[in-house]
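Undergrad: Taking our numbering, I'd label the letters of the sequence shown as residues 165 to 438.
Hints should not be assumed to be uniformly reliable.
What the hints assert, rightly or not - In silico EDC-like pairs for lysine to aspartate or glutamate, Cα to Cα no more than 16 Å straight-line:
#, residue 1, residue 2
1, K307, E338
2, K197, E217
3, K266, E308
To be clear, the hints were calculated from the coordinates, so they are not data collected in a lab.
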Amino acid sequence: MSDGQTKPLAESLGSETVTLIVGKKRKEFTVHKQLLCDSCSYFRGAFHSSFKEGHEGKMILVEESEGAVAIFVEWIYRSRIRPAMHETYLQDLFKLYVMAEKIILDELADRVMDAILICFLDDDVYDYLKTEMASYMWENTKKESPMRKFIMEALGHMYYKVIGSEDTEEEKIESLQELWPICKNHPDFFAAFFAKFRGQDYDNDGPAEECLKSVDGFCRFHCHEKGYKCAAIKGNIGSQEKVDWDLSVGSDFFHDLSNGTDDCASGVEALGIN
Numbered sequence: 165m166s167d168g169q170t171k172p173l174a175e176s177l178g179s180e181t182v183t184l185i186v187g188k189k190r191k192e193f194t195v196h197k198q199l200l201c202d203s204c205s206y207f208r209g210a211f212h213s214s215f216k217e218g219h220e221g222k223m224i225l226v227e228e229s230e231g232a233v234a235i236f237v238e239w240i241y242r243s244r245i246r247p248a249m250h251e252t253y254l255q256d257l258f259k260l261y262v263m264a265e266k267i268i269l270d271e272l273a274d275r276v277m278d279a280i281l282i283c284f285l286d287d288d289v290y291d292y293l294k295t296e297m298a299s300y301m302w303e304n305t306k307k308e309s310p311m312r313k314f315i316m317e318a319l320g321h322m323y324y325k326v327i328g329s330e331d332t333e334e335e336k337i338e339s340l341q342e343l344w345p346i347c348k349n350h351p352d353f354f355a356a357f358f359a360k361f362r363g364q365d366y367d368n369d370g371p372a373e374e375c376l377k378s379v380d381g382f383c384r385f386h387c388h389e390k391g392y393k394c395a396a397i398k399g400n401i402g403s404q405e406k407v408d409w410d411l412s413v414g415s416d417f418f419h420d421l422s423n424g425t426d427d428c429a430s431g432v433e434a435l436g437i438n
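Go ahead and model the full structure; you've got the sequences and the hints to work with.
TA: Dropping the structure here:
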């Protein structure tokens, strides 16, 4: 939450709680009503109304991810979003970004983007930007979304690295063929990607590293207006050490959005929420 919204803890929390019922498995998150409603007009409009949510103190978020909502809950209580340490948590961050756009909470979207950018300071993490993840983000974000800009630039960087690598021609072709589904389904992505791809150089830094080259570099992937006093200045965020990535942890991007597996999303595990 922004400094301008800071209140004494007791005043921020209030005494009343509400329940968010998340995903197909109906995972329940109990949160303080006032804190949740102070976060954005989406929840304020629902719980301070004569609608069902206002009467029952419950909201069903069937389209959201358990892991994403767990990270959101941590953010409203602790005013922080930790960078991902493994693939599943990174996926949850991407899903939370979609949720932030949906509920029109730009501050959350910007903090999620910062956490994602910190992850991608490690060039190896680009390998985890799978086509299905990129396609999902393109389909579920606004046309002018900074996330679309990041996805396009990140894929351009990643696949230009493939072309400049020592892989065989057959391996390079196979890697580029992975882009076909998103190019076929999204002509606007196809045009933007290859315009960017054509201008790349083998030695170009990725979009995350490019952000470190100016004091407000991270802001080029933010939603806020120019001139906004952003927390993500180089001295606060850009100087962070590279995240130690756990290569042993992997996950299906759609595991908690589709088939309702028994595996609890990493965001839930991280918070110890039962």
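Undergrad: The structure should be examined with respect to each hint, and the outcome stated for every one.
TA: These are the hints, each one checked on the structure:
1. K307 <-> E338: Since the Cα atoms of K307 and E338 sit roughly 29 Å apart, the hinted pair is violated (cutoff 16 Å).
2. K197 <-> E217: Holds, at about 11 Å.
3. K266 <-> E308: holds (14 Å)
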